[in-house]
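Peer 1: Construct the entire structure; sequences and hints are all you get.
8 protein chains.
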Amino acid sequence: MNKAQTKIVVMGDSISDCGRAKPVGEGLFGALGRGYVSLFDAMAQVDHPEWGLRVVNMGIDGNTSRDLLARWETDVNAQAPDLVAVLIGINDVWRQFDSPFQPETHVLPDEYAANLRQIARQQAQHSYRLVFLSPFFLESNPQEPMRARMDEYGALMREVATENGIPFVDLQQAFAGLLQNFYPGYLTWDRVHPSEPGQLVIARKLMGAVESLRG
Amino acid sequence: MNKAQTKIVVMGDSISDCGRAKPVGEGLFGALGRGYVSLFDAMAQVDHPEWGLRVVNMGIDGNTSRDLLARWETDVNAQAPDLVAVLIGINDVWRQFDSPFQPETHVLPDEYAANLRQIARQQAQHSYRLVFLSPFFLESNPQEPMRARMDEYGALMREVATENGIPFVDLQQAFAGLLQNFYPGYLTWDRVHPSEPGQLVIARKLMGAVESLRG
Amino acid sequence: MNKAQTKIVVMGDSISDCGRAKPVGEGLFGALGRGYVSLFDAMAQVDHPEWGLRVVNMGIDGNTSRDLLARWETDVNAQAPDLVAVLIGINDVWRQFDSPFQPETHVLPDEYAANLRQIARQQAQHSYRLVFLSPFFLESNPQEPMRARMDEYGALMREVATENGIPFVDLQQAFAGLLQNFYPGYLTWDRVHPSEPGQLVIARKLMGAVESLRG
Amino acid sequence: MNKAQTKIVVMGDSISDCGRAKPVGEGLFGALGRGYVSLFDAMAQVDHPEWGLRVVNMGIDGNTSRDLLARWETDVNAQAPDLVAVLIGINDVWRQFDSPFQPETHVLPDEYAANLRQIARQQAQHSYRLVFLSPFFLESNPQEPMRARMDEYGALMREVATENGIPFVDLQQAFAGLLQNFYPGYLTWDRVHPSEPGQLVIARKLMGAVESLRG
Amino acid sequence: MNKAQTKIVVMGDSISDCGRAKPVGEGLFGALGRGYVSLFDAMAQVDHPEWGLRVVNMGIDGNTSRDLLARWETDVNAQAPDLVAVLIGINDVWRQFDSPFQPETHVLPDEYAANLRQIARQQAQHSYRLVFLSPFFLESNPQEPMRARMDEYGALMREVATENGIPFVDLQQAFAGLLQNFYPGYLTWDRVHPSEPGQLVIARKLMGAVESLRG
Amino acid sequence: MNKAQTKIVVMGDSISDCGRAKPVGEGLFGALGRGYVSLFDAMAQVDHPEWGLRVVNMGIDGNTSRDLLARWETDVNAQAPDLVAVLIGINDVWRQFDSPFQPETHVLPDEYAANLRQIARQQAQHSYRLVFLSPFFLESNPQEPMRARMDEYGALMREVATENGIPFVDLQQAFAGLLQNFYPGYLTWDRVHPSEPGQLVIARKLMGAVESLRG
Amino acid sequence: MNKAQTKIVVMGDSISDCGRAKPVGEGLFGALGRGYVSLFDAMAQVDHPEWGLRVVNMGIDGNTSRDLLARWETDVNAQAPDLVAVLIGINDVWRQFDSPFQPETHVLPDEYAANLRQIARQQAQHSYRLVFLSPFFLESNPQEPMRARMDEYGALMREVATENGIPFVDLQQAFAGLLQNFYPGYLTWDRVHPSEPGQLVIARKLMGAVESLRG
Amino acid sequence: MNKAQTKIVVMGDSISDCGRAKPVGEGLFGALGRGYVSLFDAMAQVDHPEWGLRVVNMGIDGNTSRDLLARWETDVNAQAPDLVAVLIGINDVWRQFDSPFQPETHVLPDEYAANLRQIARQQAQHSYRLVFLSPFFLESNPQEPMRARMDEYGALMREVATENGIPFVDLQQAFAGLLQNFYPGYLTWDRVHPSEPGQLVIARKLMGAVESLRG
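Chains as they are written, first to last, in this note's numbering: chain L, 1 to 215; chain D, 1 to 215; chain X, 1 to 215; chain R, 1 to 215; chain G, 1 to 215; chain U, 1 to 215; chain Y, 1 to 215; chain Z, 1 to 215.
Careful: at least some of the hints might be erroneous.
The list that follows gives simulated cross-link-like pairs (lysine-lysine, BS3-like), each with its CA atoms no further than 27 Å apart [to be verified]:
| no. | chain 1 | residue 1 | chain 2 | residue 2 |
| --- | --- | --- | --- | --- |
| 1 | D | LYS22 | Z | LYS22 |
| 2 | Z | LYS22 | U | LYS22 |
| 3 | D | LYS22 | R | LYS22 |
| 4 | Y | LYS22 | G | LYS22 |
| 5 | X | LYS22 | G | LYS22 |
| 6 | X | LYS22 | L | LYS22 |
| 7 | L | LYS22 | Y | LYS22 |
| 8 | U | LYS22 | R | LYS22 |
Hints are computed from structural coordinates only; laboratory data are not their basis.
Peer 2: Now the structure itself:
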């Protein structure tokens, strides 16, 4: 993928979306949204102008791994990317906690793993590379129920990544430092959506993964 | 206070405010806001029409015990109430966690207790009765840092109440049942502002205290 | 219907709707609207967490029994409920009084009874139970013309309920106490839409009926 | 007052106001509001162009006789009118019914009569004539509590008018015909604010009174 | 047409429309718009309640006689009226003066007469009666070019009305008195759309025609 | 006034205002409004860049000559202009026609002339030159009442201009050509506010006057 | 094309569009937008009323020559014009500079020339004449990269115009004077969209071309 | 300034402001605006949590060095900062180019240097340190007139910084790399306000200066 112009599509939920342009999150005037995707794009243009990196944000608020799969053909493959970053799983877990009476909205571990495996298979069938970013919960106590559940999903993603040779970024671990220094209420209003320091952490981690891939 | 018409003023923060009319939260068309104060008023009109209860909501978003004291004369005494319910302390604690770099917004335990004592003295100087409602944090783990801090403030309020013969309602305890059955994310989006089930719990507890007072 | 999770669909008009989410009134953030349905849900979660009650509000502003019938398949049966509460009839009557020149909007007694009978038959064909809540008019004088007409419709609903073994809640009677103590103008701005005390009365009556059903 | 140009000021509440221009309700583009005042002005320009009638609407939403008195100097006398029409009393009564717990908003019969007497005295001290329009309630049953109370106020206004030689228009009686033919819900949404047929009745009655005065 | 309930449909342009409800201008809450149609309805309910008159406003801003014809089937015949009032022709003329370069928007005299004749034929084919209201221009000088042109169209309408035994109301003549007493700028901002005195003139003339028809 | 930078202030009513920036109409982004002032400024920058012309629009909607005088010190003299263009008189006349019952809003010929004379005297007391632009009415018939009245005011302005050696631009005459070719309805919606062709006529005439002054 | 009425369609991008009416930019009340098209229309009505010129603005924000071609049939030919003015090419160039990573949005020189040639062929197949207005960049330094690129496109347009006998207006050259006297920041906020002085330059140049054509 | 908590105030224009909270730009929910100040704060919390850095954004849109001086006492000294970053000069220069006719808005080099010197003297009188960030223009050609002028101001700031031992950050130079790789139109819509890549450059440069100061 070391050609003159590289196209990266980011797939995810509201943590990626952040008000991006619809239907395609690419271009000037805030089209990338106001989160880590835009920050990552800025870092790439400043630090790696020779990459000719083209960033497309396809995150959608509220998406689960089930939703990603359903729109993969139109939102990823049709874009003909060189690289696809996937940050998913928060809503798969969250609905189990905030909507206990609506089980049809819950994506349980087995389905989550199956969905990720189907996404992983796409890589073999197309010419692009995948990067997996783990879901996370901005809570420092690993025994807290929703944190514990999110860790379980992170482990599943790592497993699928390993099986398929996909670079895996452990964002929950990446937040460990911040959570040691700050109470979650400072970093996020709902322990799910990080404010700017958290977005910076994700952008840097994604950049690290992309730099590794480009060797 | 068993006269034909009873006037109760509610003092507090956003948990009481809930969009009440300004400057005085009394009257028709949502003037009581959409939280426990309005629910309490509905219960009183349905169950105790003979009380002739007149409810005035004076909660203001973001208030601490410091803010309550500053506007006590104009917002409580000028209303000539028979009864004053006080639910305060969440923001005294919260700012210590979500705004660690702005210490001037923190109301520390000593000041909190002193503010409550000054409020308690008002009772002696005027003809009304006070009811104290403890601050709470919708988190089931008592070791969680902000929950632990909130419990500390609840204990201080209980202490001041006991010293002054003021009925004390332990709302943190009142929420124990709900927290056993539901994850906080179902009951509130930020562990501070309860949705309708939580508002119902507060309204019922306040009603219990008022019924006791009226014997 | 004593299984682990119980789903209740509420069918009705603006008294049920109260700004619920569309097309399906279920979930967080005010999805149940701001009326008796949301209050009923709060009571259930606080008092009967073991029910695992799932509440879906399908009320629509301005509906008559004719409208309910027309959308019964998609709005009730497709939800696969365990229980269906029906509060209908106010607009069947009101149009006869406020739109005297538009007879095509009037649902006369014969049609009202026929519509209810068709709804009652649904119960036999599906696995859910029905609860009927009578229409009401917040006027204390039973000779007042619109009140008298509404009483006529309430009697018809009771008749259909009895014929079909459907629990019947007489809301007009439930409001008798409030109307003795307060002038209608305090309880409602148009004698049709109750403010919070009235919503509380309905929620409690519905809860009573559901508790009876669950034995 | 038969001079070339005649200026009439209308004092009242929301029934007169109807969205008039503020602070002075005079001029083109809806400055007279969309109620009987504008209709009366239209009738005068069509039927009596020789009067050179200048109409000023000084009604304000929610006003009682107490409020009228408080702004009489600035809103009436400062306008130097030839004629002043007064339609007041609805809110004096209504608050007693819809805000039973706020007695400070109630204008009781004694105060109402006293306020009207003070207004009547203005006539002697200035060069203008007064016309009194009775308050009314769009309810056909004279035993209905709020209707009965309104009739009591109408009788008081008639008494003050007679004492002071002020023309008195009985609007409650003027609505008798409409109420015989139509249910209140067709004529008004709250039995207080008449829709266009009711506004036409008031405008015609006011015109009759002004025609009599001009002989 | 002297049956218990009479339905009248008003067809026209912005002078009739006045913000009526769409798609059908009938019912409460301003559905008739704020012009002569609503005033006419008020007069009918007050003065002729025994007519049981049902008024439907089908005026649309900017319409010409060509537009009326195009929607006659759906907007008039489908309503099954007893009576149809037609006030049309202002835009047929106006476009010739304000849009001289867009001849496709001009409805010339021959077409205007032909359109009216086609409308007249509808009467024979259906069970309703027609009333024609002439177009007008609020200008007192009959030599003024647009006034002269409008008079020409008024004469054509009178001709078609006479041929077909349709009652004809000469509104231009009806405004003669107002125009003698007031400058057009007081009665209308553009010499086309009358303010309330002008609307009153139209409403009264239409009422006169309907009273004659009902004999 | 042939110095390197020339500052021109335009005083007038809504014909000059056209949505200019407040309180001072100078600068980028539409600060000059969307009328002849902005067009005049564009012509000056394109055709006479060497003038260094600085244009300030001080027109205010609805102003009469009386209003101009009242704010002359703050709005003109405080700006220290080299040149002041005055286009005033339309509202002095219009109010006599559209508000016949409000004589206090009428500026009669004597006052108009006196106001202009007082403005003329300012020229002698300060270092700037004046240019007078006549009021106009977009009506081709000189016998039409408001046109005739406006001509009378134009003649008064010409008289005051001549007495004081002030350049006078007869805008009514400037519009003669347009009015010969087009009906007023094409040039303006109310015969007062010209659309773009009319604004172009004014801008060019003002430019002619300024070019003459600069020799 | 010297017939009594001449219709001119303007095709272009945001420099022509300027908020014109959609779908067809013709008529009163700002339908021509607020740019050179409206100014050109005003000049024509004032200076050449005998032309009977009918101006239709079909500019659309963001269009390139590729977009113009795609809508030529419906937006130009269907209008049956006598004359078509085309100002296009800014976005063909701009996207190459502001969206370097989205090559599918770039219209390169070869395609630009081909698109213009296809437009030129339309002239032979229909009865209208074309006028070409060159794209421009408000930058005075011809070595500046985007200015240099725009000049290249202007040369291509001139070439196609010459080949096909189409009048060609060099707008870049027309702006030379303004750019000598003023910094681009005064004439435009982005060096692309001219403010009023620039719009005046375009309008005059287009008028010159049309005058030449009419001989 | 190596104490436990460090407070930094940022003074500047719209490049710093970016929609910050008013009157004081500190706290959660976007209070720091969406530009380099917020990015800088995120970097500090992630990389230097031990600093306890408290960031206050006091930038105001459109400010020049003259404006900064005028509000220095209230907006800087009253905040009792440890460090003050100053990024100013863009508007001092820009007004000379975009508002050539309003010389009172121009801050010429002499005044600019004098203003900076007065700011520098504040450092001696208070306990805080200053950091100067040079103004810049996103134009790669140093001969371009506004770029050349901005360089002149940058040199003046460097001079004042050197005289007073104030750390100086040359932002124009910092942008050299980006300008080599990208056309200004990609980095900014007006060559003044940088989009995210530019904001990142500033944030990093400011971080470098602060890190140096803290040793």
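Peer 1: Each hint: holds or not?
Peer 2: Going down the list of hints, with the structure as the test:
{"no.": "1", "hint": "D:LYS22 with Z:LYS22", "in the structure": "23 Å, holds"}
{"no.": "2", "hint": "Z:LYS22 with U:LYS22", "in the structure": "23 Å, holds"}
{"no.": "3", "hint": "D:LYS22 with R:LYS22", "in the structure": "23 Å, holds"}
{"no.": "4", "hint": "Y:LYS22 with G:LYS22", "in the structure": "23 Å, holds"}
{"no.": "5", "hint": "X:LYS22 with G:LYS22", "in the structure": "23 Å, holds"}
{"no.": "6", "hint": "X:LYS22 with L:LYS22", "in the structure": "23 Å, holds"}
{"no.": "7", "hint": "L:LYS22 with Y:LYS22", "in the structure": "23 Å, holds"}
{"no.": "8", "hint": "U:LYS22 with R:LYS22", "in the structure": "23 Å, holds"}
The structure fails none of the hints (numbered hints given earlier).
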